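A.B. asks: Chain by chain, the residues run as shown.
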Amino acid sequence: MLFGLTCITFTISHIAPGDPARLAAGPDASASMVETIRVEYGLDRPLPIQFGHYLHGVVRGDLGRSLRTRESVASDLARYFPNTFELVTGAMLLAIGLGVPMGILSAVYRDRWVDQMTRVVSVSGIAIPAFWLGLMLQLLLALELGLVPLGGRLGLMTAPPPPITRLLYVDALLAGQWRVLGDALAHAVLPTVTLCLPALAAIVRVNRAEMLEVLKQDYIVNARAQGVSELRIVARYALKNAMIPTLAMIGLRYGWMLGGTVLVETVFDWPGIGLYAVASAVSSDFQPIMGVTLLIGLNFMLANFLVDLAYGWLDPRVRPAGSA
Amino acid sequence: MRVLVTAILAVLVAASPAAAFERVGDRKILVFAGRQEVPTIDPSIKYDWSIRMAQQSLYDALVKYVGNPPEIVPWLAEKWESSPDARVWTFHLAKNAKFHNGDPVTAEAVRFSFVRTLKLNQGPAWMLSDFLKEDGIKVVNESTIQFNLTQSYAPFVSFLPWWYVMNPKQVMANEQAGDMGQKWLTTNAAGSGPFKIKRWEQGVLYELEAVDGYWKGWPSKDHIGGVLYKIVRESAAQRAALIRGEADIAEGLSPEDFDQVAKMPGIAVPNFPGMTTFGIKMNTQNGATKDANLRKAICYAFDYESLVKIYNGNAVLQTSPFPNATRGYAAVPGIYRQDLAKAKEFLAKSAYPNGGIELEYVYVQGLEEERKMGLVLIDNLQKLNITVKMVPLIWPNMVARGAKVETSPEMMAVFTTPVSTDPDAVAYQYHKSSWGKYYGSSFYANDGVWGLIDKARTIARWEERAPIYADIQRRIAADAPEIFGMLANRRWGMRDHVKGFVFSPVRLTGEVDLYTLAIVAK
Numbered sequence: 436m437l438f439g440l441t442c443i444t445f446t447i448s449h450i451a452p453g454d455p456a457r458l459a460a461g462p463d464a465s466a467s468m469v470e471t472i473r474v475e476y477g478l479d480r481p482l483p484i485q486f487g488h489y490l491h492g493v494v495r496g497d498l499g500r501s502l503r504t505r506e507s508v509a510s511d512l513a514r515y516f517p518n519t520f521e522l523v524t525g526a527m528l529l530a531i532g533l534g535v536p537m538g539i540l541s542a543v544y545r546d547r548w549v550d551q552m553t554r555v556v557s558v559s560g561i562a563i564p565a566f567w568l569g570l571m572l573q574l575l576l577a578l579e580l581g582l583v584p585l586g587g588r589l590g591l592m593t594a595p596p597p598p599i600t601r602l603l604y605v606d607a608l609l610a611g612q613w614r615v616l617g618d619a620l621a622h623a624v625l626p627t628v629t630l631c632l633p634a635l636a637a638i639v640r641v642n643r644a645e646m647l648e649v650l651k652q653d654y655i656v657n658a659r660a661q662g663v664s665e666l667r668i669v670a671r672y673a674l675k676n677a678m679i680p681t682l683a684m685i686g687l688r689y690g691w692m693l694g695g696t697v698l699v700e701t702v703f704d705w706p707g708i709g710l711y712a713v714a715s716a717v718s719s720d721f722q723p724i725m726g727v728t729l730l731i732g733l734n735f736m737l738a739n740f741l742v743d744l745a746y747g748w749l750d751p752r753v754r755p756a757g758s759a
Numbered sequence: 004m005r006v007l008v009t010a011i012l013a014v015l016v017a018a019s020p021a022a023a024f025e026r027v028g029d030r031k032i033l034v035f036a037g038r039q040e041v042p043t044i045d046p047s048i049k050y051d052w053s054i055r056m057a058q059q060s061l062y063d064a065l066v067k068y069v070g071n072p073p074e075i076v077p078w079l080a081e082k083w084e085s086s087p088d089a090r091v092w093t094f095h096l097a098k099n100a101k102f103h104n105g106d107p108v109t110a111e112a113v114r115f116s117f118v119r120t121l122k123l124n125q126g127p128a129w130m131l132s133d134f135l136k137e138d139g140i141k142v143v144n145e146s147t148i149q150f151n152l153t154q155s156y157a158p159f160v161s162f163l164p165w166w167y168v169m170n171p172k173q174v175m176a177n178e179q180a181g182d183m184g185q186k187w188l189t190t191n192a193a194g195s196g197p198f199k200i201k202r203w204e205q206g207v208l209y210e211l212e213a214v215d216g217y218w219k220g221w222p223s224k225d226h227i228g229g230v231l232y233k234i235v236r237e238s239a240a241q242r243a244a245l246i247r248g249e250a251d252i253a254e255g256l257s258p259e260d261f262d263q264v265a266k267m268p269g270i271a272v273p274n275f276p277g278m279t280t281f282g283i284k285m286n287t288q289n290g291a292t293k294d295a296n297l298r299k300a301i302c303y304a305f306d307y308e309s310l311v312k313i314y315n316g317n318a319v320l321q322t323s324p325f326p327n328a329t330r331g332y333a334a335v336p337g338i339y340r341q342d343l344a345k346a347k348e349f350l351a352k353s354a355y356p357n358g359g360i361e362l363e364y365v366y367v368q369g370l371e372e373e374r375k376m377g378l379v380l381i382d383n384l385q386k387l388n389i390t391v392k393m394v395p396l397i398w399p400n401m402v403a404r405g406a407k408v409e410t411s412p413e414m415m416a417v418f419t420t421p422v423s424t425d426p427d428a429v430a431y432q433y434h435k436s437s438w439g440k441y442y443g444s445s446f447y448a449n450d451g452v453w454g455l456i457d458k459a460r461t462i463a464r465w466e467e468r469a470p471i472y473a474d475i476q477r478r479i480a481a482d483a484p485e486i487f488g489m490l491a492n493r494r495w496g497m498r499d500h501v502k503g504f505v506f507s508p509v510r511l512t513g514e515v516d517l518y519t520l521a522i523v524a525k
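So the protein sequences, as listed, match chains A and F. If you want the working numbering, it's the position in the first sequence, counting the first as 1, plus 435. If you want the working numbering, it's the position in the second sequence, counting the first as 1, plus 3.
These are calculated hints, taken from the structure and not from any lab test. Keep in mind that this is a model prediction, so the values were computed, not measured. There could be a bad hint or two in this list.
A partial selection of chain A residues facing chain F, derived with a Cβ cut-off under 10 Å [to be verified]:
{"id": "1", "residue": "R503"}
{"id": "2", "residue": "L589"}
{"id": "3", "residue": "G686"}
{"id": "4", "residue": "N739"}
Simulated coverage check for chain A against chain F, where a stretch passes if three residues somewhere in it have a Cβ under 8 Å from a Cβ of chain F [claimed, not checked]:
{"id": "5", "segment": "546 to 556"}
{"id": "6", "segment": "568 to 576"}
{"id": "7", "segment": "712 to 725"}
Glycine included, every Cβ here is placed at the ideal spot set by N, Cα and C.
Sequences and hints are given; from them, build the entire structure.
C.D. replies: This is the structure:
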């Protein structure tokens, strides 16, 4: 799959109009200057050779160099991806933490006010554009009320902790820099909430629908008839079965979000790979584009793998033969 | 428990509104909110407005552009002279100039810097590479450097403000695999400028701190103690940062945002006519616009006042192909303004006397002002029975299309900023050597004009050059290779405690000379 992705992305980026060498050289560059860059980045070679060279590099972990940043694509991704990872993971955890209980409550108290309120939230989350929501939250909570910072990952005068894992929260914890951690969490509030809402909406809707379906099953009716408490029925018998499709949706969504949430990153100046990918695309800087594509493909594969593992934990019927 | 409380308190502190400007000890730190990253600060590799703002702060050049109109003033060079034929230029360096690490700025450092840029053949190399070769740069003595050009070139000095001087010892000590220090200079500096790097977070923020013992001295005792250039990509977020006091300067606000913040207490909006021209380039070699009479008809049909309205009055119409701040600028009498009668007169003389054609107008996708200009074109040319097809493209694709005669659009919206006040910098945009560049996408051809351009750049005496450029401006205007549009004003949003701002139209887009800035507030 990754090889296929690479082939497609390489082809598209190289046949699209635009001369990346000219753009990198600058608008005033002479023909010789453009040629200097073309040679330096191997753009003067035939396409099959460029592709072969690229594949050879990928196998060794070398994803090429960005014409725009002048850095290796691997180091750029290492710089930007952890920011996206932390944002998306935080948003997804919040969405799951709120969405699953909301879906359960909505199903259990169907057509009551709890259900109606939950459905308003879920429809809003799907209907409201993320960038608009982000801007409105910024204007209200940051600008007007001054409750949270406007954007970025840290305050201006806050130096980041030593980059051990490149995950800001983890590095702050490891360095014992609690003030930095607090600052980072404060800056994460608005973008996390903005990003969380669409995912929350989707989780609520799917989980509610699945819970409603499961709660109608004969074995649930039987459990009620035998006097099992509603709490035990929901938590022990219904939820596990309802979570299977919900989990599939969470996995796909997580993988998709890890591909870069450009609009939220732009509004909140969150230095993630979404912004990196867009800036590269606009500059016809195709090696970062291919690098980001590979990374997205890898994210999807990992996300689906984790979902498959979770399936096995939830449903013993799908575990490999011979496992407990 | 204590850890939790500390983290919560930190969250609350971080959430409280920022002070009007940042302080570090007794240093006042200016916060500049900009949309454009600084991918490299290597003076030999690249420049655009954000890169050059950093380079100008970290490095010095032999001379510097200051003021409005821009004047070239001595900087690393105390004085200079040229031979009568403008082929030999000799610069005498200031004796007290030093790099940040204490090394003196010597003629050898200047020679190294120029040779490096020529060798790497990137960034500003194009400005001088046709006239200056490595072996033409001679160290006369420790404080005297001489440039022997391959041919007479009067505009030579006008490009020198952008050729920054690097410390060769530092650069070569950090060379990797024969790269002449490129990798190291991407995020480090080997300069002598008024600032040095304190913190560099690529794509997030860039912090510079003032050099206390800067060899040139500081213009004000209240000069800023440092700069935090923070990337803020959204115009709304920039505006919010300015209003909230989290930014002292913001660039790139929308015209409406600038108008709004200008009315707010505590905020000033410096507003100056710039040197960036806006023109709708017409392909003079291919397609319908190859017809000169058709081009003139279009020039007379266009509603020029609409350009000023689109910018809410913050634009000045061009009266010449050259920007007003260019040396030797001369208003062209009777330059095109909307006149439907004249438009029809020229249309009648063209190959399309009844119109009936469709012309393509290519503009930058997402740039609302250019889209509006397209709508104006549609309305105006409709009166000549000419339809306009608006084609939004991203900039790389526009540049690609404008690179060849066959693909260059009939009409293309282009902003151009000359890097020098010398008229040659603008005139050369109309030379054959500029064909294929975005500003040469009209593929203008006039042997007479080209001959004048080639001649004027070799003449040392300004009194002899000036009338040639006046003639060049008239001839270019007469050929109507483009709709000569306007010079958009340059604006920034600034907190009113920021003082010492000196505008110079030769600086690019959002670029500010940080050296002159001061913060005067309690």
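A.B. asks: None of the hints should be skipped; say for each whether it holds.
C.D. replies: The hints, checked one at a time:
Given the 10 Å rule on beta carbons, the hint for A:R503 holds: about 6 Å separates it from the nearest Cβ of chain F. Using the Cβ-Cβ criterion of 10 Å, the hint placing A:L589 at the interface with chain F is satisfied: the shortest such distance is roughly 8 Å. At about 29 Å, the closest approach between the beta carbon of A:G686 and any beta carbon in chain F exceeds 10 Å, and the interface hint on this residue is violated. Because the smallest distance between the Cβ of A:N739 and any Cβ of chain F comes to about 30 Å, over 10 Å, the interface hint for this residue is violated.
Only residues whose C-beta sits within less than 8 Å of a C-beta in chain F count toward coverage, and the segment 546 to 556 of chain A has 0 of them, not enough to reach three; the restraint is violated. Counting residues of the segment 568 to 576 of chain A whose beta carbon lies closer than 8 Å to any beta carbon of chain F gives 3, which reaches the threshold of three, so the coverage claim holds. Counting residues of the segment 712 to 725 of chain A whose C-beta sits closer than 8 Å to any C-beta of chain F gives 4, which meets the bar of three, so the coverage hint holds.
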